[in-house]
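Colleague: Single-letter residue listing:
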Amino acid sequence: MTQKLLAKTEPDPSVVPTQNANVEGLYDEERAPKLTWKIYLRALFSDRVTLIAALFLIIMAVSALGAQFLAPFDPNQIDIMNRFMPPLSMTDAGQFHLLGTDQLGRDVLSRLMHGAQVSISIGFLGAICSGLLGITLGIIAGYKRGLFEDIVMRLVDGMQSLPSLLIALFVLFIIGGGYFNLVLVFTFLQWTVFCRMARSLTLNLRDSNFISAARVLGCTDARIMLRHILPNMVAPLMVLFTLEVAILILSEASLSFLGFGVQPPNASWGRMIASGRDHINTAWWLVTLPGLAIFLTALALNLLAGWCRAVSDPVHSSRWLTPKRKQNKQEG
Amino acid sequence: MPYLVRRAGHSAIMLLVVVSFVFFAGRMIGDPAIVMLGASASDTALEQLRNNLGLNDPLLMQYFRYVGGLVQGDLGVSFRYGFAQMPAERFMDGGGTPVMGLVLARLPQTLYLAAVALGGALALALVMGCLAAMYPRSWIDHLVNVLSLASVSVVQFWLGLVLIVLFAVHLGWLPTGGYGSWYHVILPALALGARPLGRVAQVTRSAMLDEMARPYVAAARAKGLPEHRIVSVHALKNAGIPVVTITGDELVQLVTGAILVETVFGWPGIGHLLVEALNNRDLPVLQGAILAVATLVIVVNLLVDITYTYLNPKVSLSSREN
Amino acid sequence: MTEQQQAVASGQREVVLRAEQLGKVFGKTVRQGWRRVDQGVRAVNDVNFELHRGETLGLVGESGCGKSTLARLLVRLMDPTEGRVEVLGQNLLELKREDLRQARRRIQMIFQDPYSSLNPRMTVGEIIGEPWQVFPDIVPPAQREARIGELLQQVGLNKSDADRYPHQFSGGQRQRIGIARALAVEPEVIICDEPVSALDVSVQAQVINLLMDIQRDTGVSYVFIAHDLSVVRQISDRIMVMYLGEIVEGGAVDAVYESPQHPYTTALLSSIPVHDPEQQSRQVLKLPGEVPSPMNPPSGCKFHTRCPYATEICSQEVPAVTGDLAVRGVRCHHASTLNFDPYIEHITGRVASG
Numbered sequence: 001m002t003q004k005l006l007a008k009t010e011p012d013p014s015v016v017p018t019q020n021a022n023v024e025g026l027y028d029e030e031r032a033p034k035l036t037w038k039i040y041l042r043a044l045f046s047d048r049v050t051l052i053a054a055l056f057l058i059i060m061a062v063s064a065l066g067a068q069f070l071a072p073f074d075p076n077q078i079d080i081m082n083r084f085m086p087p088l089s090m091t092d093a094g095q096f097h098l099l100g101t102d103q104l105g106r107d108v109l110s111r112l113m114h115g116a117q118v119s120i121s122i123g124f125l126g127a128i129c130s131g132l133l134g135i136t137l138g139i140i141a142g143y144k145r146g147l148f149e150d151i152v153m154r155l156v157d158g159m160q161s162l163p164s165l166l167i168a169l170f171v172l173f174i175i176g177g178g179y180f181n182l183v184l185v186f187t188f189l190q191w192t193v194f195c196r197m198a199r200s201l202t203l204n205l206r207d208s209n210f211i212s213a214a215r216v217l218g219c220t221d222a223r224i225m226l227r228h229i230l231p232n233m234v235a236p237l238m239v240l241f242t243l244e245v246a247i248l249i250l251s252e253a254s255l256s257f258l259g260f261g262v263q264p265p266n267a268s269w270g271r272m273i274a275s276g277r278d279h280i281n282t283a284w285w286l287v288t289l290p291g292l293a294i295f296l297t298a299l300a301l302n303l304l305a306g307w308c309r310a311v312s313d314p315v316h317s318s319r320w321l322t323p324k325r326k327q328n329k330q331e332g
Numbered sequence: 001m002p003y004l005v006r007r008a009g010h011s012a013i014m015l016l017v018v019v020s021f022v023f024f025a026g027r028m029i030g031d032p033a034i035v036m037l038g039a040s041a042s043d044t045a046l047e048q049l050r051n052n053l054g055l056n057d058p059l060l061m062q063y064f065r066y067v068g069g070l071v072q073g074d075l076g077v078s079f080r081y082g083f084a085q086m087p088a089e090r091f092m093d094g095g096g097t098p099v100m101g102l103v104l105a106r107l108p109q110t111l112y113l114a115a116v117a118l119g120g121a122l123a124l125a126l127v128m129g130c131l132a133a134m135y136p137r138s139w140i141d142h143l144v145n146v147l148s149l150a151s152v153s154v155v156q157f158w159l160g161l162v163l164i165v166l167f168a169v170h171l172g173w174l175p176t177g178g179y180g181s182w183y184h185v186i187l188p189a190l191a192l193g194a195r196p197l198g199r200v201a202q203v204t205r206s207a208m209l210d211e212m213a214r215p216y217v218a219a220a221r222a223k224g225l226p227e228h229r230i231v232s233v234h235a236l237k238n239a240g241i242p243v244v245t246i247t248g249d250e251l252v253q254l255v256t257g258a259i260l261v262e263t264v265f266g267w268p269g270i271g272h273l274l275v276e277a278l279n280n281r282d283l284p285v286l287q288g289a290i291l292a293v294a295t296l297v298i299v300v301n302l303l304v305d306i307t308y309t310y311l312n313p314k315v316s317l318s319s320r321e322n
Numbered sequence: 001m002t003e004q005q006q007a008v009a010s011g012q013r014e015v016v017l018r019a020e021q022l023g024k025v026f027g028k029t030v031r032q033g034w035r036r037v038d039q040g041v042r043a044v045n046d047v048n049f050e051l052h053r054g055e056t057l058g059l060v061g062e063s064g065c066g067k068s069t070l071a072r073l074l075v076r077l078m079d080p081t082e083g084r085v086e087v088l089g090q091n092l093l094e095l096k097r098e099d100l101r102q103a104r105r106r107i108q109m110i111f112q113d114p115y116s117s118l119n120p121r122m123t124v125g126e127i128i129g130e131p132w133q134v135f136p137d138i139v140p141p142a143q144r145e146a147r148i149g150e151l152l153q154q155v156g157l158n159k160s161d162a163d164r165y166p167h168q169f170s171g172g173q174r175q176r177i178g179i180a181r182a183l184a185v186e187p188e189v190i191i192c193d194e195p196v197s198a199l200d201v202s203v204q205a206q207v208i209n210l211l212m213d214i215q216r217d218t219g220v221s222y223v224f225i226a227h228d229l230s231v232v233r234q235i236s237d238r239i240m241v242m243y244l245g246e247i248v249e250g251g252a253v254d255a256v257y258e259s260p261q262h263p264y265t266t267a268l269l270s271s272i273p274v275h276d277p278e279q280q281s282r283q284v285l286k287l288p289g290e291v292p293s294p295m296n297p298p299s300g301c302k303f304h305t306r307c308p309y310a311t312e313i314c315s316q317e318v319p320a321v322t323g324d325l326a327v328r329g330v331r332c333h334h335a336s337t338l339n340f341d342p343y344i345e346h347i348t349g350r351v352a353s354g
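Residue numbers (UniProt numbering), protein chains in the order written: chain Z, 1 to 332; chain S, 1 to 322; chain L, 1 to 354.
Bear in mind the hints are in silico, worked out from the structure with no lab data behind them.
Wrong hints could be hidden among the right ones.
Stretch by stretch, here's where chain Z covers chain S in the computed footprint (C-beta under 8 Å, at least three residues) [to be verified]:
1. 238–245
2. 254–262
3. 274–280
Derived Cβ-Cβ restraints for the label pairs, each shown as a range [what the hints assert, rightly or not]:
4. Gln68(Z) - Gly9(S): 54 to 60 Å
5. Phe188(Z) - Pro2(S): 31 to 37 Å
6. Gly82(S) - Asn76(Z): 33 to 39 Å
7. Glu145(L) - Ile151(Z): 42 to 48 Å
8. Leu95(L) - Leu226(Z): 22 to 28 Å
Under the rule of at most 30 Å between Cα atoms (straight-line distance), these lysine-lysine pairs were calculated in the DSSO-like manner [claimed, not checked]:
9. Lys144(Z) - Lys96(L)
10. Lys159(L) - Lys38(Z)
11. Lys237(S) - Lys223(S)
Using N, Cα and C, we set each Cβ at its ideal position, and we do this for glycine too.
Same shape as in the complex, but just chain Z:
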């Protein structure tokens, strides 16, 4: 062995480097499998609690998207004769109200579905916008460092130390409530969460060898941040995104409850609770059901986020992601 290494090999000019399939004897079966969607799906199915959560979210999403078509009644249709009907009741006219009617006789289920549209979309949109802003600033701050990073992080620390609901209330008081304003306020309040995480992830990544390699290749900073750093941060950012949607749904509910979120006649879950509050003695379901919807949605999102985090953690993920045949091989 030593002789082979010490002696200079004289290459045989007639031997052309060929498509040598057996470099080092490792090929095909022994290469790690590509992580496909199927593997993740299988992992999801094996964890029943998270599976239920995911299914719940799908149902919610479908009813939110298709509320106009799927709701059994018009959410704004007033029917004074049949107000305050408890859940699972049938009107004289033969209409079945699964979740009862409110103080104006409107069907609660339909209002919930339309409310889902509003509440979930605000949560989603708010998370996307604040995510875009926060992640961009975070990556630039973490990669370029220097004065920009100092300023941004001071801003982040400052904003995160104050209660965001307070600031949101004040700002909405000034500019007025409404769907668009709400998304705007969320964007400029919640970007700090994404920024902080993106910066910390960038700090970890920027010293990696493949980043150095990209610099040696002559890549511009923009290209490195976009093509090299960002794609390697996707997993934890997705987890954060999911959590933020839950947080924003809760925040929208609180703001609407206080009267500064979505304005009537648009139904949102928070507003439904607010108007139901006046009748809490007689019609408990007007308050309980919308809140339950919020609670379950947020819970499902949190569960999903937890599962995503567990699955993407390189240390523990093999428990879920290793396909069955590999496990058999190891045992055998």
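Fit chains S and L to the known structure of chain Z by using the hints.
Modeller: Quick look at chains S and L alone, frame taken from chain Z:
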């Protein structure tokens, strides 16, 4: 020592930023005189108010006057609060409620509620967290997990309403709201304390799990120390740091929760004052309440940071930022 | 001497890379009176060399001697504190932005750790083809896929590997991908920063042979950095030995291996493991102590604390370079008087019988 000075400096700057924000944002609503006296006020009244408050002076001068007033404890006067009369009439009659007085009257109630809620939550959470760490996979361990997950998903005002429905309306055990004797605080404290309970219990559990795995615990067991002594005296002290951190974080959340819970229960605290002011479009009270809350939060954060440093002198500001 | 070595000796070849008085201090330099004193760690000091077209310059030294820092200085991943780096006559350190980017086409790098030097989220094809996103004129878009296939074959992989991800390959294969990526730029110089140190011994030989084949086919020049002397000897034409950030000896590889002039070089050479059990009584030049911390380097000759031949002058005066480190030189007070014959007999003895 210089760390404390720097940290206090940060707090002071934060406070100044909040004050400036409150001042300038408040001006954006429109003519302050009209906001305070209502759109139907007479021109005489408006002009007199402007002279009294110096609203015709340049903005910057007003700003400094405002800050100066704050330092002296003057938060302005509200003519809407209490409204037996129209705001303009009250002004002309020389009435009007000083905001500082309102704030000072309400603040203790909020602190009382927060103390009960947080105190109860902490006590229960520490116990639960320790028990969960001591008996992994038991029912209490699962309970802690479920609770912590649920507590971040729940909306506090909804929880309050559900509690009202359950205990006040259906069971009639407790009042639906208001303030008076000791049992009035139970439901609001439960609603407010649910979230910190879940979070602190979870952090306690994981911190204790880490601590109990350390060699010194095994050594103490071998020495024959009773288990509960090991847990409560030795392990808990070392696990204290992450618990303190999370408690500090939860304090800020508590403010948000207080605003909502006080509204639901009609609890006469500063959160309730804030919402009242929002609904009445009472700008001076709103500004005052926000400043009071923000000051409280900033001061509490400062205290938490100082406590943290004393607990763990190895930690400096820079590594905390990481 | 081979043809290359003769050409080198007579200075006839084009210089593709030149380092002049290259130095790097981490931390700061402070004014003390009229001098600038290092208050940091000096990782590299006074490195000079010239690399000619088509040749391989080996750089050996133990871990922590500053080799990797030097590698990063050469490609300007880090800025030096002193000195210059010239690629084909252009001083890299004076270039800004776009000019610097264009200059990077000439000098590329292969990294030590095959597991972290490839972006896990890009396919192999995207990794190799990335240089053409930066410099579109190297290969027109229509031909890129074909060229990726060519490069993969050149490094001993399959065309179909272009669609796979790095985690699906072994260490040696990933190193090949890294080599293909460097080749895609079509550089004149490749800095190889310990490219085989993280690989199994059997795989090391394959990668070394690959590098040599590439050099033969394309005429690229290498700076080959390693801590394993037997590996370095195989591929290098000339060699430099580094200790605590300084070059202590340099010259044509056979000359240095067969008649070393610095005690450190001799110690390194004589410690190369021998597989012949009959050579039990061979003499190994053992060095006492450990490599000093670069934060507190010894006075005078940095090696004097471990040198069996050190005298008083060695601790007092920094030795000047005898000869030319680029051709044949050594940094030692006693270079001409030391006799390493007992150790050399065994070094050359092994080679002669192998």
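Colleague: Run the structure past the numbered hints and jot down the numbers of the failing ones, going up.
Modeller: 1
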